[in-house]
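Number of protein chains: 2
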Amino acid sequence: MRIGQLSERTGTSRRLLRYYEEQGLILSDRAANGYRDYHEVTVDRVMQIRGLLDAGLPTRIIKQILPCLDQPRVIHFPDATPEMLATLEHEKARMTERIECLTRNRDAIGEYLLEVRARIGTRR
Amino acid sequence: MRIGQLSERTGTSRRLLRYYEEQGLILSDRAANGYRDYHEVTVDRVMQIRGLLDAGLPTRIIKQILPCLDQPRVIHFPDATPEMLATLEHEKARMTERIECLTRNRDAIGEYLLEVRARIGTRR
DNA sequence: TCAAACCTTCACACCGATGTGAAGGTCAAC
DNA sequence: GTTGACCTTCACATCGGTGTGAAGGTTTGA
Numbered sequence: 085m086r087i088g089q090l091s092e093r094t095g096t097s098r099r100l101l102r103y104y105e106e107q108g109l110i111l112s113d114r115a116a117n118g119y120r121d122y123h124e125v126t127v128d129r130v131m132q133i134r135g136l137l138d139a140g141l142p143t144r145i146i147k148q149i150l151p152c153l154d155q156p157r158v159i160h161f162p163d164a165t166p167e168m169l170a171t172l173e174h175e176k177a178r179m180t181e182r183i184e185c186l187t188r189n190r191d192a193i194g195e196y197l198l199e200v201r202a203r204i205g206t207r208r
Numbered sequence: 085m086r087i088g089q090l091s092e093r094t095g096t097s098r099r100l101l102r103y104y105e106e107q108g109l110i111l112s113d114r115a116a117n118g119y120r121d122y123h124e125v126t127v128d129r130v131m132q133i134r135g136l137l138d139a140g141l142p143t144r145i146i147k148q149i150l151p152c153l154d155q156p157r158v159i160h161f162p163d164a165t166p167e168m169l170a171t172l173e174h175e176k177a178r179m180t181e182r183i184e185c186l187t188r189n190r191d192a193i194g195e196y197l198l199e200v201r202a203r204i205g206t207r208r
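Heads up: the protein sequence lines correspond to chains A and B, in order.
The opening position of the first sequence corresponds to residue 85 in the working numbering, with each subsequent residue numbered one higher.
The opening position of the second sequence corresponds to residue 85 in the working numbering, with each subsequent residue numbered one higher.
It is worth saying that the hints were derived from the structure and are not from the lab.
Some hints could be false.
If several chains are the same, the list does not tell them apart, and a pair holds so long as it fits within one copy or across any two.
For lysine to aspartate or glutamate, the following EDC-like pairs were computed, each having C-alpha atoms within a straight-line distance of at most 16 Å [as the list claims (entries may be wrong)]:
(1) LYS147 with GLU181
(2) LYS176 with ASP191
(3) LYS176 with GLU195
(4) LYS176 with GLU105
(5) LYS176 with ASP121
From just these sequences and the hints, can you work out the full model?
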């Protein structure tokens, strides 16, 4: 599929799709005329990238995480250096911290909303 | 406490503390000489802000969330307009999405690491 | 009284993610 | 064959979070 369709299906501007490619997050074949040609699977990949970006990860880190997300799993052995494994472990821990922070604060919002609505319910 | 101590205790540059204040995320009293004077509770507040920023929330949203985090809970009724409640509900949902995205991807990293280490364990 | 270590405001600069537009090539349909 | 909708690259712009440094005031301690 071409960039316009990928853009539409992922809700991501063409500009950003080219940017993600430049950053090594997605790949494209090229048609004879130079147009980018994307695999079907790229749709999911872009969604994953969007989610991680939205969750605060920079493209540099996302790029390192992506090999973990292939399904079925393919181990790229050149990537599996001890440093890379340590980086992944570290990022995994940071993600857990983020999850805990988000969960705590989301739950606090939930309780706040409950209480506000309870008070409104009593016409105060 | 003054800005230097707050900076040290939160691991946040003075520059950023002033920025957060400018964005309405924290408050300070002023001493007679113009120096900022922070409440003890500001330490936790700053940590919360850092966590949320790191999790991808912009200061604009964090500012709206902060009233939910007071302990014990204080309902600021002027803030509790229907629009604000809708905004909070919306942000709560977005936070849940982020949590799910981070959890999925973190778990995928975990499985990848397990598999890589298993293979290394078998000297392959 | 002087130096060091604070503090103030202001301004310019960077970086990453993103928008926008120019200048031009390709292709499908009329 | 011209029009319109696509695509290409390139470049400049914006925005939010952050660093840095200038120019100057305050406090503390030798």
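### Query
Which of the listed hints are broken here?
1, 4 and 5
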